[in-house]
Amino acid sequence: MSPSRLSSSQLRSQSQTWRWRWIWIGFFLCAFAGIAWFFVPAFIIRPFRYQAPRALLVAMSLRQRAPIGTLIAALACFILAFALWKISSRWGKALLTFTLLVVTFSAVMARLNYFEWMFHPLPGPQFLAQSESKLGPREMIMSVRLGGDDRAYPISQMAYHHVLNDVVGGVPIAVTY
Amino acid sequence: MWTRTINGRVLHFYLAGINNQNFLMRDKETGTWWQQITGKAIYGPLQGAALDLVLGDELTFGQWRTESPSGQVLAPVAKYSKEYDPNWEPEVAKLPVVISFPGTELKSRDVVIGLTINGAARAYPWETFAKQSPVLDRVNGTPLLLVLGSDGKSFRVFVARIDGHDAEFFLQADTPVWALLDTVTASQWNFQGCATSGSAQGKCLARIPALKDYWFDWRNYHSDTTIYKH
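The listed protein sequences derive, respectively, from chains F and A. Residue numbering for the first sequence is 657 to 833, as defined by this note's numbering. Residue numbering for the second sequence is 7 to 236, as defined by this note's numbering.
Note that these hints are calculated values from the structure, not bench results. A quick note: this is a predicted structure, and the numbers were derived from the prediction, not measured. Note that CB positions come from ideal geometry on N, CA and C, so glycine has one too. Be aware that one or more of the hints could be misleading.
Keeping only pairs whose Cα atoms sit at most 25 Å apart, straight-line, the calculated BS3-like set for lysine-lysine is [unchecked claim]:
#: 1; chain 1: A; residue 1: K159; chain 2: A; residue 2: K218
#: 2; chain 1: F; residue 1: K790; chain 2: A; residue 2: K159
#: 3; chain 1: A; residue 1: K159; chain 2: A; residue 2: K100
#: 4; chain 1: A; residue 1: K34; chain 2: F; residue 2: K790
#: 5; chain 1: A; residue 1: K88; chain 2: F; residue 2: K790
#: 6; chain 1: A; residue 1: K34; chain 2: A; residue 2: K46
Incomplete in silico selection of chain F near chain A, CB under 7 Å [unchecked claim]:
#: 7; residue: L768
#: 8; residue: Y770
#: 9; residue: E772
#: 10; residue: S787
#: 11; residue: E795
#: 12; residue: M798
#: 13; residue: D806
#: 14; residue: G825
#: 15; residue: T832
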């Protein structure tokens, strides 16, 4: 008894299905890379969560290369999606679209500093004379005296802005809280 | 506060993340990550570098005004005025604590004054310090003087040495102007650590940088810290 054989056209469509499957797999791998590259560091470095030194290292090394990494992954996703589009059903197209949206979001967010949306930086510090300030006498300030310059930074303001680049008495300093 | 110059290069820092209650910053020039509380570069091209500490004070506005009458104050930015909370301390005290250290006698949100002398760290519980001020102590062989200002909120730490001799300091009683007296020269000293009368007049004590912090945060970054006890 001879084994059943597939016709040559059946063989061709089977290898085509395999090719498409590999392209789908490639698409999801690129999407996973592009999405994880942004979301993993964002998840690790979030407030009120303890960060172990190794986890922090992973987060920083990912974030360092995230702008280029997410961009390459997103481009690869778009190319593969373009190839998959025509042979996909309506559900397939919906899945491709949704995934591309998330990958794009990730690539955009990797280039933005959302911490500065939560805590706006001070554009360029302006200073007041004491007589102009509305601070109460018991409000806490951080003071510095350098090269003849006396400056005070109210803690209520620095607790929001967190970091300020200033030059005091000719010395560039970072005021942090 | 830190200087922004490393190897002759001036860096510009921006907020890049929160790390266990303190924050991470990066510099625009190299993208290196720095730990705000230690001033050390922990990842990136400048990894291993350390910023120099700038000596500053945490004072009340009133205290600072009397000491620096011509000083300037950072102006508030009008569009963020809702974010500036003069009552930030009780608000922060309510926030969740990311780590705790059971087995130490201090509670996580207890406030301490933290300092290091040649690598040896010590925490002074604020309540104890405020009751006992001026506090005399010795850390790593260095005699220290911790003083609370007359406003009950400003504080400073000095090396308790006059011309190389260890000295003790006491609050002068029954004077209209707040002053300390030392046991070596019997001079009067002001809150800036400078002698205003007596044989030491004109001399100033060396200052030690100290941080007012929550116990859990200080302990997290100084695992060998001792706690002041009297």
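Run through the hints listed earlier and report the numbers of any the structure violates, in increasing order. Result: hints 4, 7, 8, 10, 14 break, sorted rising.
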